[in-house]
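Now that you have both chains on their own, put them together as the hints suggest.
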Amino acid sequence: MIPIVTDIAFILLGLAATMVVVRIIRGPTLADRILGLDMLSLLGIGAIGAFALRTGLYLYLDLAIALALVAFVATIAFARYLISRGRHP
Amino acid sequence: MTIAGGVLVVVGALFCFLAALGVLRFPDVFTRMHAATKAGVIGAGLILLGAAVASVDTAIILRALVGLIFLVLTGPVSAHLLARAALISGIVPAVTANITPVPAQNTDSASQNS
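Taken in sequence, the protein lines are chains A and B. So the first sequence is numbered by our numbering: it starts at 1 and just counts up by one. So the second sequence is numbered by our numbering: it starts at 1 and just counts up by one.
The shape of chain B in the complex, shown without the other chains (with noise of 0.2 Å):
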C-alpha cells in the first residue's frame, strides 16, 4: 500500500506541474481554466488520495475522500462562475482558441444583485 501512495502522490504532483504549464502557457483565460481546473483538481486530489492510501486506516481514507468529493463538487462551479464574470466583463476569447463567445444576456441583472 505504500508504493501505491507513491506512485499516486506522484502522478497528482505530475498532475498538478502540468496543470500550472497550461496555465503560464495557454492564450487565453478560458483555455487556462480547463488546465487549472480538471488537470488541478485532478493533481491535488489524487495527491490526497495517496496520502491516505499509504496509510491504511478507514477513518483516514473516509476523509482524504471527503476532501476529494469536495474538490470535485466545488471546481466546476467556481470555474464556470470565472468564466460567466470573465465573459461579462468583457474579455474576448483568443482567436487561436477558436471559441465563438455567446453574448452575456443577463449583463444587468447579473450587476444588481450583486
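Just chain A, with the same shape it has in the complex (with noise of 0.2 Å):
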C-alpha cells in the first residue's frame, strides 16, 4: 500500500516540478520567478512528506517545517527587493 502510493506521489510531484521549472525559465518577468521558487518550496515539502511515510522515519516532519519557514522568508525577502527595486515592468 505505502510503496505504491509514495510512487504515485513522487510521481505527480515530479511532474509538478518540470511545470514549475519551464515557468521559472520562461517567465517573463521577475515577479513569476519569485512565485516559482516559492512553489518548489512547496512542492520540496510535499515531497518530504511523502519520503518521511514511505520510510517512517518521520523525523524528517521537523525538516518539511524548517524548509517552509526559509521558504516563507525567502519570499518575503524577494518581495522586499522587488519592491525597492521600482517601476522595471
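It cannot be assumed that every hint is accurate.
[What the hints assert, rightly or not] According to the in silico footprint, chain B covers these stretches of chain A (three or more CB under 8 Å from chain B): (1) 30–44; (2) 53–61; (3) 68–74.
Hints were generated in silico from the structure; no laboratory data involved. Don't be surprised by glycine CBs; every beta carbon is placed ideally from N, CA and C.
Shown next as C-alpha cells:
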C-alpha cells in the first residue's frame, strides 16, 4: 500500500516540479520567477512528507517545517527587493 | 489509518500537480498566484497530514499539525506581499483575467523604508 501510494505521489510531484521549472525559465517578469521558487519550495515540502511516509523516518517532518520557514523568509525578502527596485515592468 | 494516510497523500500530490499546472497555464502573475498559494498550500499540507495520520503517534500528528498551521498562516502573507510588489513594480494584469487594478498609493513610502 505505502510504496504504491508514495510512488504515485513522487511521480505527480516530479511532473509538477518540471512544469514549475518551465515557468521559472519562461517567466516574463521577475515576479513569475519568485512565485515559481515559492511553489518549488512547497513541492519540496510535499516530497519530504512523502519520503517520511515511505521510509518511516518521521523525523523528516521537522525538516519540512524548517523548509517552510526558510521559504517564507526567502519569499518575503525577494518581494521586498521587488518593491525597492521600483518600476521595471 | 494507513489507508486514510495513503489517500490523503495521493490527494495532496494531486493538488500539488494541479497547482503547478495552474502556474504553467494561467495568463498572469496575479492569477498564477491563486493557483500557487491556495492549491499549493493545501497540497503540501495534505501530504504532511497524510504522513502523520499513517503513523498513529500523537507527537507526530501534533508536529504535522504545527507545520500545516504554519503553512496556512504564512502562505497568504507572502502571496499578498508578492502581489503588492508586482503591482508596484508596474506589472499590468492581463485583459482576460478581468481585474481592475487599484493604483498603488504609497509607492514612495514603500520604496523608502526598504
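Going through the numbered hints above, which ones does this structure break? Give me the numbers in ascending order.
none
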